[in-house]
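Visitor: Residues per chain, in single letters:
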Amino acid sequence: MADVVQRWEMPIRTEDDVILVRRKARMLAQERGFDAFATAALTTAASELGRNALVHGGGGGALIEHLADGTRSGIRITFVDRGPGIADMARVLAGGYSTARSLGLGLSGTRRLVEEFDIESAPGAGTKVVICKWTRY
Amino acid sequence: MADVVQRWEMPIRTEDDVILVRRKARMLAQERGFDAFATAALTTAASELGRNALVHGGGGGALIEHLADGTRSGIRITFVDRGPGIADMARVLAGGYSTARSLGLGLSGTRRLVEEFDIESAPGAGTKVVICKWTRY
Amino acid sequence: MSQRGNIPILRVGSNLLTTIHIDLHDTIAEAFQEDVLVAIKNTGAKGLVIDITGLEEVDTYVARILADTGRMAALMGAHTILVGMRAEVAATLVRMGFAMDTVETALDVDDGLAMLQARKALGRK
Amino acid sequence: MSQRGNIPILRVGSNLLTTIHIDLHDTIAEAFQEDVLVAIKNTGAKGLVIDITGLEEVDTYVARILADTGRMAALMGAHTILVGMRAEVAATLVRMGFAMDTVETALDVDDGLAMLQARKALGRK
Ligand SMILES: Nc1ncnc2c1ncn2[C@@H]1O[C@H](COP(=O)(O)OP(=O)(O)O)[C@@H](O)[C@H]1O
Ligand SMILES: Nc1ncnc2c1ncn2[C@@H]1O[C@H](COP(=O)(O)OP(=O)(O)O)[C@@H](O)[C@H]1O
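Chains as they are written, first to last, in the numbering used here: chain A, -14 to 122; chain B, -14 to 122; chain C, 2 to 126; chain D, 2 to 126.
Treat the hints with care, since some could be wrong.
[What the hints assert, rightly or not] As a list, the in silico SDA-like pairs of lysine to any residue whose alpha-carbon atoms are at most 25 Å apart:
{"no.": "1", "chain 1": "D", "residue 1": "Lys42", "chain 2": "B", "residue 2": "Gly18"}
{"no.": "2", "chain 1": "A", "residue 1": "Lys9", "chain 2": "D", "residue 2": "Ala88"}
{"no.": "3", "chain 1": "D", "residue 1": "Lys42", "chain 2": "C", "residue 2": "Ala119"}
Since the hints were derived computationally from the structure, they do not count as laboratory data. Here the structure is a predicted model, which is why all the values come from computation and not from measurement.
Here chain A stands alone, though its shape is the one from the complex (with noise of 0.2 Å):
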């Protein structure tokens, strides 16, 4: 079991609040020793929701949290947001579907970047996206 060595709590309202949801993430991945891969992965990642959130979901929250399981680093990051939610999951995660002016390929993309991708939506609920990638020892 991994424990959470310390969380954040950050609103996504503004694009700018996206860029700071990113930039959180990369600094822990760099002091948690990601290497650059893993952190342009995390941070990529965090990207795509952050957008989705605000962009599809008309804005929410990002949860980011530090785990440690006794020998790795994680970072775990929730997104969150009270829009639409997403009617053809199927569809979305296959990817190249999209209902914006973009490609389709954030949520597939995201799905391939972390270990763990978690997806909660119904319709008219909102979406919840959880993301978790840990450090390689």
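Let chain A serve as the given structure and place chains B, C and D with the ligands on it in line with the hints.
Guide: Just chains B, C and D with the ligands now, kept in the frame of chain A:
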């Protein structure tokens, strides 16, 4: 709230009518201080939607409105026709789908050019598309 | 050259130059395409420069006409270069998702003609 | 050059060089694209090098902005080379399924400019 400063109703019965609607939009955009990029975006959108009302909707009309919200100028254009309507809206808005000998980028593309885009259509009841674009400051 | 439409097509060396300055819609567009092909046949031109400096907007319909004209010319052995696209037209087309990647482009008429000369020197059609 | 955005665009010989060092989001991204296109028009540049050495992460949104800028420049007749992509950025984009295959790439600014010179020597745009 935005006030309507002035309005023009124009028919869309022929190809030349589509060109006139586009020219009116261009003149107004230039008068109102839209830059070259915003002007091209608005007039290209007008061209696509006017053409759709004529070709797919069998003709109709356009209402051009000059809006003001205190600091900025806006141009709103409403295209209406009494044609067959659009049955599979999601498909059409995703882009790349056309029932004509064309590209099917008109509606999906137009949406990306303007700040406000609203479409209402029911099979058999015609189609109404409203777009709006604002000056930057 | 005898033409159906009213878009001028000029001979420049072994190439053709056509300048579009009016709205290309339906009948005009079709006449334009046909005039270009007939001119290629009559002159044996190996290259075609289409100048759209004068177009203030290019919607997806007109963009397709231009791309199609290039494809038709290619079938007859003539290489097409589209020149003079304005910055705001380029931005608008790409933002709409239109990829005009089947036609070669150049900044202006001089560049377009120079590119056709360079192709010729390299022995490409 | 007069610009809307605040990303510098420099002239280097007959090409343009722009270095992205800040987050390209929404309004900034749009202003950047428009500034680049206007600079191409004003200078008649045939080539554009976009240097992203300074970007520590490139998400799919920013990647699309960069690819689109290359497409827009291409429509105007200028060839774009994207340089300086970090190893971890390249790895992340490919893992996400993003294929930046519409833009040519090079290791760094020098290589990018050299590639543009080589194109010019070959008489291509
Ligand atoms: N937080 C969210 N709330 C509602 N819809 C979402 C959310 N995130 C993603 N979506 C939906 O899933 C689609 C695909 O998302 P994504 O893969 O991130 O690509 P993109 O953001 O480029 O469209 C979006 O277009 C949107 O319709
Ligand atoms: N006003 C309209 N009335 C009826 N059908 C329409 C209308 N506008 C668009 N459509 C339908 O949507 C499809 C896609 O339209 P659009 O994206 O503009 O592309 P295109 O006009 O190139 O086909 C059309 O082929 C047509 O079937």
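Visitor: Work down the list of hints and note, for each, if the structure agrees.
Guide: Structure-based check of all given hints:
1. Lys42/D with Gly18/B: Within the cut-off at roughly 21 Å; holds.
2. Lys9/A with Ala88/D: Roughly 22 Å separates the two Cα atoms, so the pair holds.
3. Lys42/D with Ala119/C: This hinted pair holds, its Cα atoms lying about 23 Å apart.
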